[in-house]
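Colleague: Please model the complete structure; the sequences and the hints are all you need to start from.
Sequence order for the protein chains is A and B.
1 is the number of the first residue of the first sequence in this note's numbering; add one for each residue after it.
1001 is the number of the first residue of the second sequence in this note's numbering; add one for each residue after it.
Think of the hints as simulated: they come from the structure by calculation, not from any bench.
Treat the hints with care, as some may be off.
In silico negatives: residues of chain A with every beta carbon more than 12 angstroms from chain B [stated by the list, open to error]:
id : residue
1  : I165
2  : D172
3  : F214
4  : S215
5  : P266
Distance ranges between label pairs, derived from CB positions [to be verified]:
id : chain 1 : residue 1 : chain 2 : residue 2 : range
6  : B       : T1059     : A       : E287      : 29 to 35 angstroms
7  : B       : G1020     : A       : G100      : 40 to 46 angstroms
8  : A       : V275      : B       : H1111     : 47 to 53 angstroms
9  : B       : G1128     : A       : P85       : 35 to 41 angstroms
10 : B       : D1061     : A       : T87       : 18 to 24 angstroms
11 : B       : D1135     : A       : G33       : 31 to 37 angstroms
12 : A       : M1        : B       : D1135     : 55 to 61 angstroms
13 : A       : L156      : B       : G1128     : 42 to 48 angstroms
14 : B       : P1158     : A       : G145      : 26 to 32 angstroms
15 : B       : N1043     : A       : V152      : 27 to 33 angstroms
16 : A       : R160      : B       : H1111     : 17 to 23 angstroms
17 : B       : P1158     : A       : E287      : 19 to 25 angstroms
C-beta: ideal position from N, C-alpha, C; glycine also.
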Amino acid sequence: MNMFLETLIGGLLAGTMYSLVAIGFVLIYKASGVFNYAQGSLLLFAALTFVTLTDQGVPALGAIAVTIGLLVLTAITIEKLLLRPLTNRSPMTLFMATLGLSYVVEGVAQGIMGSQVRALNLGIDDLPIFLGDIMISQFDLIAAGVALAIVVVLSLLFNRTRIGIQLRGVADDTRAALSLGIDINRIWQIVWAVAGLVGLVAGLLWGARQGVQFSLSLVVLKALPVLIIGGFTSIPGAIVGGLIVGAGESLAETYIGPYLGGGITPWFAYALALVFLFIRPAGLFGERQIERV
Amino acid sequence: MTASAGPALEVRNVSLSFKGVKAISDLSFQVTRREICALIGPNGAGKSSLLNILNGVYTPDSGEIVFEGEHFRRMQPLEAARRGIGRGFQNNALFSGMSVLDNVIAGLSRHSRVTLVEEAFRLPRALGQERAFRDRALEVLKLFDLEKYAETLVGTLPYGVQKKVEIARAIVAKPRLLLLDEPLAGMNAAEKQEIAAVIARLNRELDLTVVLIEHDIGIVLKLAHHVVVLDYGRKLADGPPETIRDNPDVIAAYLGSENAEAAA
Chain A
1 MNMFLETLIG
11 GLLAGTMYSL
21 VAIGFVLIYK
31 ASGVFNYAQG
41 SLLLFAALTF
51 VTLTDQGVPA
61 LGAIAVTIGL
71 LVLTAITIEK
81 LLLRPLTNRS
91 PMTLFMATLG
101 LSYVVEGVAQ
111 GIMGSQVRAL
121 NLGIDDLPIF
131 LGDIMISQFD
141 LIAAGVALAI
151 VVVLSLLFNR
161 TRIGIQLRGV
171 ADDTRAALSL
181 GIDINRIWQI
191 VWAVAGLVGL
201 VAGLLWGARQ
211 GVQFSLSLVV
221 LKALPVLIIG
231 GFTSIPGAIV
241 GGLIVGAGES
251 LAETYIGPYL
261 GGGITPWFAY
271 ALALVFLFIR
281 PAGLFGERQI
291 ERV
Chain B
1001 MTASAGPALE
1011 VRNVSLSFKG
1021 VKAISDLSFQ
1031 VTRREICALI
1041 GPNGAGKSSL
1051 LNILNGVYTP
1061 DSGEIVFEGE
1071 HFRRMQPLEA
1081 ARRGIGRGFQ
1091 NNALFSGMSV
1101 LDNVIAGLSR
1111 HSRVTLVEEA
1121 FRLPRALGQE
1131 RAFRDRALEV
1141 LKLFDLEKYA
1151 ETLVGTLPYG
1161 VQKKVEIARA
1171 IVAKPRLLLL
1181 DEPLAGMNAA
1191 EKQEIAAVIA
1201 RLNRELDLTV
1211 VLIEHDIGIV
1221 LKLAHHVVVL
1231 DYGRKLADGP
1241 PETIRDNPDV
1251 IAAYLGSENA
1261 EAAA
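Modeller: In structure tokens, the structure reads:
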């Protein structure tokens, strides 16, 4: 029983790291209907900038401030150079544009800051702590706490401020939002910047886990099953999806793995996502798209 | 306020086509300040397209729009909203996942004077504005007798109530011109009377100029001060309701032969 609980809790905590990556997608998808393939590159860019600055001796808080500034600038640039000229184009066109964007961001980031693996130390000891007989990773616990804090901040932003009202308005009906004088371009800049900040947090946590290098941008591939399970348009969905994927992977590896010779983790999430596609294509919390003609 | 002389809105030689199909051809008319102007005509006559030109969703192929003395080759939606052109949509375009109050507060967007930073950190000015917006929105809800629905999710309300919320959202920012696309469609007779009364009252009490599209001729003739009849993108008639009712072209094209006999 303890082993089961330990596996489950460890999996759930690891799952919040997937949720963090997925939230970045949800924000942009909700506000502009764009599946932003470049989210992983932005995450890499953020982590790489932070590591490069701290390697130069910049204190951590300063490095975070500079990185945030750069992310906001990047969001504004992306909106002006990429999204605005492509307004009203098909979702596929926009997806392809973000695919191109991901190569540009990765290329520029690695061109300037190098492509070797860099260690990122957040100063969190990865010592296990014990809750009764159950062993929990301290790092995972802190990561989960950070993810929770981000969700709380985002939900306050969306539900308690006028910017939040505008954001939800744009997500709900772009045409009506425009007719009320809501500046959609500005909203997109804000959303991309916020998605960038979420990417920064995810990039730091993942970077501390596996080192900062090109492969960090591939965590987007882990976000995909999370989004399919939770739904592309829901932040709670991203959380629940992440938890399901994390717990599922962890339990499957421990309990099914031995029968299949291990190696379940790389594909389990996709198999799970496939099952969800069959029974609930819009995801657990996703909105079924109804097109009004 | 700009000079009160001259028309509130002027459509000058406007043409619009979609992939070679003419939707509006060389259309011109004027809307006087503080009048209710009704656009009528069969489906496909170009009425909705015209509203879309007026608030900047479509760009006309030629012609221009004069709004309060300023000339526009094309209007941008944001620009239209900032200059005080409010808009209600066919079938409603409310933010269905939000409360009635939040919908109406969203309508005040163009009046925001605080910066994003003030808003994010909830500085005094942002909080003050938030309170002012909330008060103003509640005031308008009261005007429409909607206070009891303030916290209700708008998507759960009956269609007629939603329509009132949409009009409330469109007028909360005190527009100078209100465009309404079939505000009475899909309603029963009692609801139609109620919405028509709301529009007449807004026009009277807030000095609001209104351009609306409506199919219910009985109500149009009572509500509007001025009627413009469109058919296949062309203007068929333009004048006060009484002259429209008796215009044989209109009767033939729009009201149908049955009515033509009745009118004869």
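Colleague: Would you check whether the claim that A:I165 is not at the interface survives, using Cβ distances to chain B and the 12 angstroms cut-off?
Modeller: violated (5 angstroms)
Colleague: Would you say the C-beta atoms of A:L156 and B:G1128 sit inside 42 to 48 angstroms of each other?
Modeller: violated (19 angstroms)
Colleague: Taking the Cβ atom of B:P1158 and the Cβ atom of A:G145, is their distance within the range 26 to 32 angstroms?
Modeller: violated (44 angstroms)
Colleague: Note whether the CB distance of B:G1020 and A:G100 lies within 40 to 46 angstroms or breaks it.
Modeller: Given a distance of about 33 angstroms, which is not inside 40 to 46 angstroms, the answer is violated.
Colleague: Any Cβ of chain B at or closer than 12 angstroms to A:P266, or is the non-interface label fine?
Modeller: holds (37 angstroms)
Colleague: Holds or violated: the 18 to 24 angstroms window for the beta-carbon distance between B:D1061 and A:T87?
Modeller: Check passed, 20 angstroms falls within 18 to 24 angstroms.
Colleague: Tell me if the beta carbons of A:R160 and B:H1111 are separated by a distance inside 17 to 23 angstroms.
Modeller: holds (19 angstroms)
Colleague: Is the Cβ of A:S215 more than 12 angstroms away from each Cβ in chain B?
Modeller: holds (33 angstroms)
Colleague: Compute the least Cβ-Cβ separation between A:D172 and chain B, then decide whether it is above 12 angstroms.
Modeller: violated (4 angstroms)
Colleague: May I ask you to test the hint 55 to 61 angstroms on the CB atoms belonging to A:M1 and B:D1135?
Modeller: Check passed, 57 angstroms falls within 55 to 61 angstroms.
Colleague: Does the Cβ pair A:V275, B:H1111 satisfy 47 to 53 angstroms?
Modeller: holds (49 angstroms)
Colleague: In this structure, is the beta-carbon distance linking B:P1158 and A:E287 contained in 19 to 25 angstroms?
Modeller: holds (22 angstroms)
Comparing the model with each numbered hint stated earlier shows that hints 1, 2, 7, 13, 14, 15 do not hold.
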